[in-house]
Amino acid sequence: MISQNHGHNVPPTQLRTTLLACLLFSIFETYNGYITSATTQIYSGVRLLADWQTSQIHLTTKISSIRSPRPLVIEDELIHAFSELETEAMCRHDLRSAELHEAHRFYGQMHIDTMPASFSDVKEARAYLVLITQRALHLTAWMKQKSNGALGLRNPEILQERENATKEAIMRMGVEYERWERAFEKIWEEGKEVSKGVMALRIKILTAAAWKNCLAPGRGVFYGDSTELLTEMVTLSRAVLSRDDDIPQATSDFGFEGGIITSLRTVGFVYRHRRLKREAIELLLERPWKEGLWDSYIVGKAMEWLVNLEDEGVSEDEEHVPEEKVLRDFTMVQDEAERRTIVTGLQAIVGEDGEEELMRRELVIPWLT
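The opening position of the sequence shown corresponds to residue 1144 in my numbering, with each subsequent residue numbered one higher.
Everything labelled a hint here was simulated from the structure, so no lab data went into it. Check each hint, because a few of them may be wrong.
Straight-line alpha carbon distances no greater than 16 angstroms define the calculated EDC-like cross-link-like pairs of lysine to aspartate or glutamate that follow [as the list claims (entries may be wrong)]:
(1) 1468 <-> 1455
(2) 1266 <-> 1333
(3) 1335 <-> 1264
(4) 1355 <-> 1368
(5) 1468 <-> 1499
(6) 1287 <-> 1245
Here the structure is a predicted model, which means the values were calculated and not measured.
Turn these sequences into a full structure, and let the hints steer you where they fit.
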């Protein structure tokens, strides 16, 4: 029912009620591990909000997740919540069309153009970072689908044109993140030793930088060009996850906003620094929690399995996983009916004759809750 409504056809009071119901259902489904249902609810809410915002503003470049066009009808915080969840959902499961992603490459452009030179508080910094991340994820999805289409056409001129457009888009995305980081400097300097909220935002911008490095040419993913960056990501994650003895702890291990698990996933699944991968696993499994659409226990157990396979036969003195040892075709599939996650990959095994053979490996992880 929720997914069939459209924002411009729903009365304002009913729209807000529908969005809140959508939000609650997505959180409930996420907590219970039903990610497919959760992402469906999230995208339904995003679509409702987009339709309503369009009916109020009419220009996509003016619409954004920073401010509501009518805060007495739909408050800023509700838009912020769906924007945060959309970025989580896009990293898990997104089958929306290339046309939608193309249209949203310039989502919120007017707010980007007028981004403050220095943020006034953490809330403002977070809102702008989510907006930039939304744009980056739409850009990435658009580039992927556009690239696949160009390859199908096999037209050299079109391939070159799209390659140039991709380079330009990546450069623009990098400039937006750099502007945000400069505007965040004052907040970071004042809060980096004391505020976990400030640390969490720093982790997010570092994670974005790590993914940007992956797109760059070279072999830094394997051989340490980003070791300093990854070390800071792990160090800050440990600080954010630490519990203060003099502050009463909440009983819930579910977080609405993402960031920490995504950061540690990047360290463990994307990069190849062996010690940092092990430290990421330790943090994920020490005190399991759920964050956004991610479960630290599932991610940690999958990463532990991956690392153990990739470390087979590798000398203790090796700082990075050798490229030939990297597990291939790594996948994680949710089996919601059986409440388990199935992890698979292909491991390269060299036989006595010196020939390489790919062996399929599998791990089944039962859900804790």
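Outcome of the hint check:
1. 1468 <-> 1455: 8 angstroms, holds
2. 1266 <-> 1333: Distance of about 15 angstroms is within 16 angstroms: holds.
3. 1335 <-> 1264: 13 angstroms, holds
4. 1355 <-> 1368: 13 angstroms, holds
5. 1468 <-> 1499: 11 angstroms, holds
6. 1287 <-> 1245: 11 angstroms, holds
The structure meets every hint from the earlier list without exception.
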